[in-house]
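All chains, full assembly: derive it from the sequences and hints.
Here the protein sequences come in this chain order: W and D.
Each residue of the first sequence is one higher than the one before, counting from 0 in numbering that gives the first Met the number 0.
Each residue of the second sequence is one higher than the one before, counting from 0 in numbering that gives the first Met the number 0.
Bear in mind the hints are in silico, worked out from the structure with no lab data behind them.
Any given hint could be a false lead.
Stated by the list, open to error - Simulated crosslink set (DSS-like; lysine-lysine; CA at most 30 Å straight-line):
1) W:Lys-29 with W:Lys-225
2) D:Lys-87 with W:Lys-120
3) D:Lys-87 with W:Lys-209
4) W:Lys-225 with W:Lys-120
5) W:Lys-143 with W:Lys-209
6) W:Lys-135 with W:Lys-283
7) D:Lys-87 with W:Lys-207
8) W:Lys-207 with W:Lys-135
9) W:Lys-143 with D:Lys-87
10) D:Lys-235 with D:Lys-190
11) W:Lys-120 with W:Lys-283
12) D:Lys-193 with D:Lys-220
13) D:Lys-235 with D:Lys-193
14) W:Lys-120 with W:Lys-287
15) W:Lys-120 with D:Lys-193
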Amino acid sequence: MGLPNASGDLSTEVEVDAFRRLFPLRFFEKHLLESIRPDARPLGRARDTTIALGAVASANGSALAKIGSTTMLAAIKMEVMAPSIETPDEGCIAIDFHMPPICSPIVRPGRPAEAAPVVAKQLSDTILSSGMINLKELSLVSGKAAWMAYLDIYCLDADGALFDAALLAAVAAFSHLEIPVVSLNDDGKIVLSEEQGLSDREPVNKEKRKVNLGSIPFSLTCILHKNYILADPTAEEESIMETSVTVVLDSSSQLLSLYKPGGAVLAYTSAIQDCIALTRQRVKELQKILEEAISGMEVD
Amino acid sequence: MSKTEYVSPEGLRLDGRRPMEMRQLRAEIGTVAKANGSAVFEMGNTKVIAAVYGPREVQNRSQLINDHALVRCEYSMANFSTGDRMRKPKGDRRSTEISLVIRQTMEACILTHLMPRSQIDIFVQVLQADGGTRSACINAATLALADAGIPMRDIVTSCSAGYLNSTPLLDLNYIEDSAGGPDVTVGILPKLDKVTLLQMDAKLPVDIFENVMGLAIEGCKAVANYIREVLLENTKQLEFRRGL
Chain W
0 MGLPNASGDL STEVEVDAFR RLFPLRFFEK HLLESIRPDA RPLGRARDTT IALGAVASAN
60 GSALAKIGST TMLAAIKMEV MAPSIETPDE GCIAIDFHMP PICSPIVRPG RPAEAAPVVA
120 KQLSDTILSS GMINLKELSL VSGKAAWMAY LDIYCLDADG ALFDAALLAA VAAFSHLEIP
180 VVSLNDDGKI VLSEEQGLSD REPVNKEKRK VNLGSIPFSL TCILHKNYIL ADPTAEEESI
240 METSVTVVLD SSSQLLSLYK PGGAVLAYTS AIQDCIALTR QRVKELQKIL EEAISGMEVD
Chain D
0 MSKTEYVSPE GLRLDGRRPM EMRQLRAEIG TVAKANGSAV FEMGNTKVIA AVYGPREVQN
60 RSQLINDHAL VRCEYSMANF STGDRMRKPK GDRRSTEISL VIRQTMEACI LTHLMPRSQI
120 DIFVQVLQAD GGTRSACINA ATLALADAGI PMRDIVTSCS AGYLNSTPLL DLNYIEDSAG
180 GPDVTVGILP KLDKVTLLQM DAKLPVDIFE NVMGLAIEGC KAVANYIREV LLENTKQLEF
240 RRGL
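Structure, rendered in structure tokens:
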């Protein structure tokens, strides 16, 4: 039917925006031939990233992370609970990821986004297995009371690389987390100490303290298309070229997680190693950005 | 039994405001890149983000209306928005009621007959709740609709007022709201000077109610002035970027 020719002829007549909508793959491939992407980024570069700590005043720890337009708000609330019998001196972390309808035109109320539970599970596995938080630090009174940290991450704008932004927001929120002061009252219950003045009760922990973070995980999602590797895809790129690889490294460049959920492109090991190399570079960038954000907050 | 003083003898409230003083307002347009229109609205510590998608194709064919647009609204609170973590941020009765209230308030001012067979979605998410979330949501929704370029009769602004320690108070925060006194929420169309939303609970004598409602309407007009400034500034920025 001569369809390729038809689109070739059309491409001289049709405006750029229309061509982008009608023939998205050809539009992107024209750019990839020149080793560039429609937003003028080279193939291996991620979008501008910013972190703002303490975005939610009412939470114990919070952070707002933006990668390009993708925006994630993470907040941690601490509650006291009884630890389980098998692990009497360990606390607990519950991680939840939400994609409310404001974030994207494809999310409808009553019909949650497909990506939401997938990213939630990935996040949960990565954070709990990374050893970033030592659960023994969340213990208060062995066998009786321990902290339960509820981490809620809300996607406020979904423009690709959701897992990367969510992990960054979660890690930043943990680095901002301050464990509140509590004391044991007469019934043996743990109670929040409101002021310094209530010192007739012995405080269980002396002062608000920060959590000691072990190795911090950072990630990068790459898209594979033919023999191109595109780092940090936007939502448009993700919808056209579906094969993605997510690599999670920790601050000492050890591999924490590798995630390639199927996809049309079958990758040779060399492609995966290229992805890991790109992630290594990205980890250095993200570490710098996180350190700047933390030191910015400490100027009190 | 000691009674908490919500208004001190010097005339200062718990957070240092005067009875007729509103909390600090802050608004920003265009925060959600993917939405047709979006806005963040802060009233003191209450922070709300609104996104508008539309006019777009009706997703549920059975709800399609032939002569005007369908307006949908969803209100939800983030788990961490209140003091204690919320278990069920949407689908509970309060959220459903507020979604209905916001939808009907905005429907009154959108010129729906200009967009038949289409759908306009207004999504509001509360990020921090410190009293007056209903009003903040309506104000944010107005800004988001204006950002999306949806034709409206007038902007809708909303503010709340109460009556504690025999003093009418403007713009209650969470502590004042949970004090058990009356809470009057008003939504108006400022230029047309018409009331679209009026809700009150607890008891109040009728003459005092008129004072309190008058105070709330003054608050709405102050919010309207602020919103107009923000929209004007935004338009100037757009003009500048287009090189006009």
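Against the structure, the hints:
1. W:Lys-29 with W:Lys-225: Holds: Lys-29 of chain W and Lys-225 of chain W sit about 13 Å apart, inside 30 Å.
2. D:Lys-87 with W:Lys-120: holds (20 Å)
3. D:Lys-87 with W:Lys-209: Holds. Lys-87 of chain D to Lys-209 of chain W sits at ~29 Å (cutoff 30 Å).
4. W:Lys-225 with W:Lys-120: holds (29 Å)
5. W:Lys-143 with W:Lys-209: holds (22 Å)
6. W:Lys-135 with W:Lys-283: holds (29 Å)
7. D:Lys-87 with W:Lys-207: Measuring from Cα to Cα gives roughly 29 Å; hence the hint holds.
8. W:Lys-207 with W:Lys-135: The given pair, whose Cα atoms are some 17 Å apart, holds under the 30 Å limit.
9. W:Lys-143 with D:Lys-87: holds (27 Å)
10. D:Lys-235 with D:Lys-190: holds (22 Å)
11. W:Lys-120 with W:Lys-283: holds (26 Å)
12. D:Lys-193 with D:Lys-220: holds (11 Å)
13. D:Lys-235 with D:Lys-193: holds (29 Å)
14. W:Lys-120 with W:Lys-287: Roughly 27 Å between the alpha carbons, so the hint for Lys-120 of chain W and Lys-287 of chain W holds.
15. W:Lys-120 with D:Lys-193: With a Cα-Cα distance of about 50 Å, the restraint between Lys-120 of chain W and Lys-193 of chain D is violated, given a limit of 30 Å.
In the structure shown, a violation is registered for the earlier hint numbered 15 alone.
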